[in-house]
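Asker: Keeping their order, the protein sequence lines are chains A and B. Numbering-wise, my numbering puts 481 at position 257 of the first sequence, and it's gapless, one number per residue. Numbering-wise, my numbering puts 161 at position 160 of the second sequence, and it's gapless, one number per residue.
No wet-lab data here; the hints were simulated from the structure. Here the structure is a predicted model, which is why all the values come from computation and not from measurement. Note that CB positions come from ideal geometry on N, CA and C, so glycine has one too. Some hints could be false.
Sample of chain A residues at the chain B side, in silico, Cβ under 10 Å [what the hints assert, rightly or not]:
| hint | residue |
| --- | --- |
| 1 | Val234 |
| 2 | Arg237 |
| 3 | Tyr304 |
| 4 | Phe333 |
| 5 | Glu345 |
| 6 | Ile1043 |
| 7 | Arg1053 |
| 8 | Leu1105 |
| 9 | Thr1199 |
| 10 | Val1233 |
| 11 | Ala1242 |
| 12 | Val1244 |
| 13 | Ala1250 |
| 14 | Tyr1263 |
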Amino acid sequence: MPGKLKVKIVAGRHLPVMDRASDLTDAFVEVKFGNTTFKTDVYLKSLNPQWNSEWFKFEVDDEDLQDEPLQITVLDHDTYSANDAIGKVYIDIDPLLYSEAATVISGWFPIYDTIHGIRGEINVVVKVDLFNDLNRFRQSSCGVKFFCTTSIPKCYRAVIIHGFVEELVVNEDPEYQWIDRIRTPRASNEARQRLISLMSGELQRKIGLKVLEMRGNAVVGYLQCFDLEGESGLVVRAIGTACTLDKLSSPAAFLPACNSPSKEMKEIPFNEDPNPNTHSSGPSTPLKNQTYSFSPSKSYSRQSSSSDTDLSLTPKTAPYPQGPRIYLCPSSPSLSCGSLHLKKSCLLLSESSLTPHHSSLVSPVLRKSVSFSEELFLAASGMGSGSAGKEGGPFKALLRQQTQSALEQRGGSPHRFCRRREFPFFTLTAFPPGFLVHVGGVVSARSVKLLDRIHNPAFVGIMGNTRSYKLLDWNSFNSDEPETRDAWWAEIRQEIKSHAKALGCHAVVGYSESTSICEEVCILSASGTAAVLNPRFLQDGTMEGCLEQRLEENLPAGCGFCHIPYDELNMPFPAHLTYCCNCRKQKVPDVLFTTIDLPTDAIVIGKGCLIQARLCRLKKKAQAEANATAISNLLPFMEYEVHTQLMNKLKLKGMNALFGLRIQITVGENMLMGLASATGVYLAALPTPGGIQIAGKTPNDGSYEQHISHMQKKINDTIAKNKELYEINPPEIAEEIIGSPIPEPRQRSRLLRSQSESSDEVMELDLSHGKKDAFVLEIDDTDAMEDVHSLLTDVPPPSGFYSCNTEIMPGINNWTSEIQMFTSVRVIRLSSLNLTNQALNKNFNDLCENLLKSLYFKLRSMIPCCLCHVNFTVSLPEDELIQVTVTAVAITFDKNQALQTTKPHVEKSLQRASTDNEELLQFPLELCSDSLPSHPFPPAKAVTVEKASPMGEGNFRNRSAPPCANSTVGVVKMTPLSFIPGAKITKYLGIINMFFIRETTSLREEGGVSGFLHAFIAEVFAMVRAHVAALGGNAVVSYIMKQCVFMENPNKNQAQCLINVSGDAVIFVRESELEVVSAQQPTANCQPLCTGGEVTT
Amino acid sequence: MTSELDIFVGNTTLIDEDVYRLWLDGYSVSDAVALRVRSGILEQTGATAAVLQSDTMDHYRTFHMLERLLHAPPKLLHQLIFQIPPSRQALLIERYYAFDEAFVREVLGKKLSKGTKKDLDDISTKTGITLKSCRRQFDNFKRVFKVVEEMRGSLVDNIQQHFLLSDRLARDYAAIVFFANNRFETGKKKLQYLSFGDFAFCAELMIQNWTLGAIGEAPTDPDSQVDDMDVDLDKEFLQDLKELKVLVADKDLLDLHKSLVCTALRGKLSVFSEMEANFKNLSRGLVNVAAKLTHNKDVRDLFVDLVEKFVEPCRSDHWPLNDVRLFLNQYSASVHSLDGFRHPTLWDRYMGTLRGCLLRLYHD
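Use the sequences and the hints to build the structure in full.
Answerer: Okay, here's the thing in structure tokens:
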């Protein structure tokens, strides 16, 4: 009996009136976990019942603890008829299962009903006593910490970053079950909420198991998504990065570990074979080192050294003609592959073919500037050269590339060996210094699939089971069925990997996956940034200190990551290279696109800005395969245009790099939408971008010429204005002096298309462009005219406003403490008359621009401020509806300091980084008292639990904060960022992952669609805050609204909305808190339950 | 392209004070947008009318959702749906319960019933305050009235506790509740010159001295608090006031009283002769008002009587305010020197309050 869950129902308040006669309610509570249910007494005639129940005890195994949510139902007792449900609270008890997170959940939770929304609150106390379980074969993974944050969480240190973990579980969607026809909407919604809660729990547990298997203790950058596939089912999938984290509990942890070799020695006993050369083809993940540390390397032996015959992952697909330049063809519209499929249910329309060759990749480059000479590297090098030798490739490959080649071999293994560790992917977007060596560019892959019912015999007859939903793990169940969701993703990941390989990179960072579903068509997308990582980080982070130093010696600070990882002479795509403008030693591309955050040490000139490319394409309505064909035919064109737009806008801003690039392609009934968002910056290392030249096709027409020159002037003016606006004034460099091949005007602004994801379609277009003048915008038809106009219609934010979609705004460091997270949703209805591509584009563009304008207006009181982490999501809920959802955070900053010149900025950021470390140094000391050293299953845990009062230590801590006057409700901050400006995160309390459904049959009465959704989103925020407060926290960081599916039927006066949010619950302490406390007068009526009581700003 | 749905939800609920005021004033969204455009906000911010429209709609929706909570302000503090900093919560409540002088003068002392609510149309037309705003103000009065009507203890404290209003506003509401409960007539033409402040001042004095709560000074035994009610006048006290009649009924006593006052004030008043001539009338008026207070109807007419019997005669003789003060002080003090008068405490309780009220009521 590995765990005892204890629940106490204390009281309720603000309950709705359930008895019209008395205007009161006779409430009682059912507490359910698994199959056990307890009830409280009925508290007669009160809207504020005081149950003060006994402790309800559930004795359960830890597998259930992880999977099941605690379900609390508040009901109104009715003597004569059935008891009426008031509402429910689902509590995820996962945070109580880690030793370092919360010890008690205690507080007021909103009572939620899917039809009526929040109806009063209930005060609940939940504790867990975990017993030590040393069973090696256990199915639970208690103790593995999960973080949504896509960087190493602030009060932890990464010992090892193991790598990619993924999992998905599938079930039938209760909404589409036959029983749904006879049950109430409420019952159906609750079934769905509960199922998804269960599935999330199971998914998390399974991922946890994988992490334990990798010997990690945490998942960072955990991203869980739902695919509501309608009839065909419900998929819950998650990706993350497995890590071994160490709580920063003593300053010693910070000492640069100069004893690293000894650490390595310690690792060796884990090896089955300490000699890497005996591993036939070597460890394959970027985390190759992890292979050494883990014994269970089941799959490795199977990797034969013959893997150099690498193959396209999906044998069904005909390999593409190889060529040095056509290496990426993620969305080849060839249909031929479809026929090869076993089942028509899955039509692979845009299968990728992979260039099966290493030779072009393991290139003979010698990077003198980087020379590691650690023993380990030598070993790796030996191994690497071995494989290179087999291929007959050149031998003078560098360590980096050898690591990579090793990885490639692994990656090239037949796809039946697809294992998670095979993918050298990292969902992180920010890294410890020195981790990222080089960045190649964005890699992405898309694939169009036809959904069909997920064939699963287990679906039959599961409804009557003791557990009402049987969760099915698709992997284990149907491993030889080819059309599994898992296989779909495996394909995409393989493709991504091969793209990265083509860019000379062995890893993909800032990796994410998404889907867009419309009826039975589904577009799967994955994207990331190809990168070369410092392998030492993947093994033992204690070397951080030494490594940093070494890196400083070897790589020029602030520009190293820009240097090309691929080989100059054998470039995988046509790119224009120059010497790095910063160090002048290495080659850099002219433009860099990435999906990650700007590295902290990057040297940036001026400020950044949000850059968006927006695009719509009409498509004929079609069914099934025809529809999928149409979509996959359109995709490459869309990708191409989106990239052209991004590139043009980037140039218009006078910038040369994009960070945080996220391209979303959304499929609807009769159109496709593309929305790319990124943060443009001017990297000092990259060359100054060229301008944009306009040319007409009919040069002899005088008036036309005039028009053209007018446009040209306008563009030039805009560039100049933008440079001023974003303070881009790079030091003048006569490029000739560097002796780099100087771009002629036409080359200067060449699209580095291959850095972005490309398709053969794109390549073709590119080639044709190349013959004439790649960089010229031709305005020979109205389409092009539109493009130019749209370039110029993007208005910059009003003065005092900046916006970006990355964590922080490049060029602004002096944040003040005021933050405002918000979600804004807009839906527009297109009049069907004007449905042309242009009109559509204009509508979409206006929608986005107006939305931004509205945000600037609403937040004007915060000026000067920056909208950070601006996240746009587009969906097409119906034929003529476009829905855009934006979540972002506005942060104020100090104007005066922000106006400093660039140089101090850089210094500042460096200083800042160092002070951060110092802060961290101090914090552990403070935390020592409450954070026990991390035992996986500490016997001490029970003790802690017992000790914990309902206050929880978090509350206790916060009571020292200035109390919120007159209020019992503590302030909970929410932010999509991983930090809170002006504050230190002292503790991570666990992951928040919540799914809500709200439905109404009285839409008009609730204020129409806007009123309905406004109230719902406010309620979702409230429920997130309540859960965080109950954990003892006062903020949610890395908050994300992953899904907001809104459906309406105004004729029936109905609407339904599904929202899925997640984030990390934390305790933060203001840096200035201590001074503030002494200065503030505590108010008399601060209630004892006042959690997180800092006064809002 | 039409906007089907357009919302903005902040983790901290955004409150725009200007829009809140427009909403409270009962303007429709389109009127509010027009007014905002006129305020020059578009020029200041470079926004478009569409942005303003969307912003206004958003705020209105938020206020609409908050309104339910504002009806019971402690709920606003404890609710979890809207995260609003305490200072903003206070502002929301205070502004919501604020009322227009013109409006309150119309309903002060009226029964807060459905009947009165029907008259709001007329009040709206008369005062130029939108009907919506009138309704809100009326409903506020009624709501506060209903909650504190039957409550024991200090009226102001009760209002503050249940509606979290500022001290100033809570006092005003105490006056409104007190007037509504006792149905004092304030609408007569004669009383039109009086402001709400005048009445509120009088109400406060009366609550302090003439109600049941006034004598039950902090009783330690909770059971004895039964009578500690601020909203009702002390019936026993009103009954006793009949005893004061002797001051005017007994001719000797009246003459003695007059001579005492005249002696003391000789040479000190600019209107001495007028005072001397009018003393008996004034005294009769004031004492008769007291004696009549046993009847509910006469209680309602208290202010009409005071103005008729005292304020107007003095005003027609052009008494300066200071002379009125000197006279009233002397008039009430002299009674203690009247040997035959056996109710000095009762007199003080009556006259102390009345003196304060009269001085406040005495203006143009």
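Asker: If a hint holds in the structure, say so; if it doesn't, say that too.
Answerer: Taking the hints in turn, this is what the structure says about them:
1. Interface hint status for Val234(A): violated, as the beta-carbon distance to the closest one in chain B is roughly 15 Å, over 10 Å.
2. The closest approach between the C-beta of Arg237(A) and any C-beta of chain B is roughly 7 Å, which is under the 10 Å cut-off, so the hint is satisfied.
3. With its C-beta approaching chain B no nearer than about 30 Å, Tyr304(A) sits outside the 10 Å limit, and its interface hint is violated.
4. Because the beta carbon of Phe333(A) sits about 9 Å from the nearest beta carbon in chain B, less than 10 Å, this interface hint is met.
5. Restraint check, Glu345(A) versus chain B: the minimum CB separation of about 6 Å is within 10 Å; hint holds.
6. Checking Ile1043(A) against chain B: minimum C-beta separation of about 8 Å stays under 10 Å; hint holds.
7. The beta carbon of Arg1053(A) is positioned within 10 Å of a beta carbon in chain B (closest approach about 5 Å), and the interface hint is therefore held.
8. The closest approach between the C-beta of Leu1105(A) and any C-beta of chain B is roughly 7 Å, which is under the 10 Å cut-off, so the hint is satisfied.
9. The beta carbon of Thr1199(A) comes within 8 Å of a beta carbon in chain B, closer than 10 Å, and the hint placing it at the interface holds.
10. Hint on Val1233(A) holds. Least Cβ distance to chain B is approximately 4 Å, under the 10 Å limit.
11. For the restraint placing Ala1242(A) at the interface with chain B, the shortest Cβ-Cβ distance is roughly 5 Å, inside the 10 Å limit, so the hint holds.
12. About 9 Å separates the beta-carbon of Val1244(A) from the nearest beta-carbon of chain B, less than 10 Å, and the hint is met.
13. Residue-level restraint check for Ala1250(A) holds (minimum Cβ-Cβ distance to chain B is 5 Å; threshold 10 Å).
14. Given hint, Tyr1263(A) at the interface with chain B, holds; its Cβ is 9 Å from that chain's nearest Cβ, closer than 10 Å.
Checked against the numbered hints above, the structure violates hints 1, 3; every other hint is satisfied.
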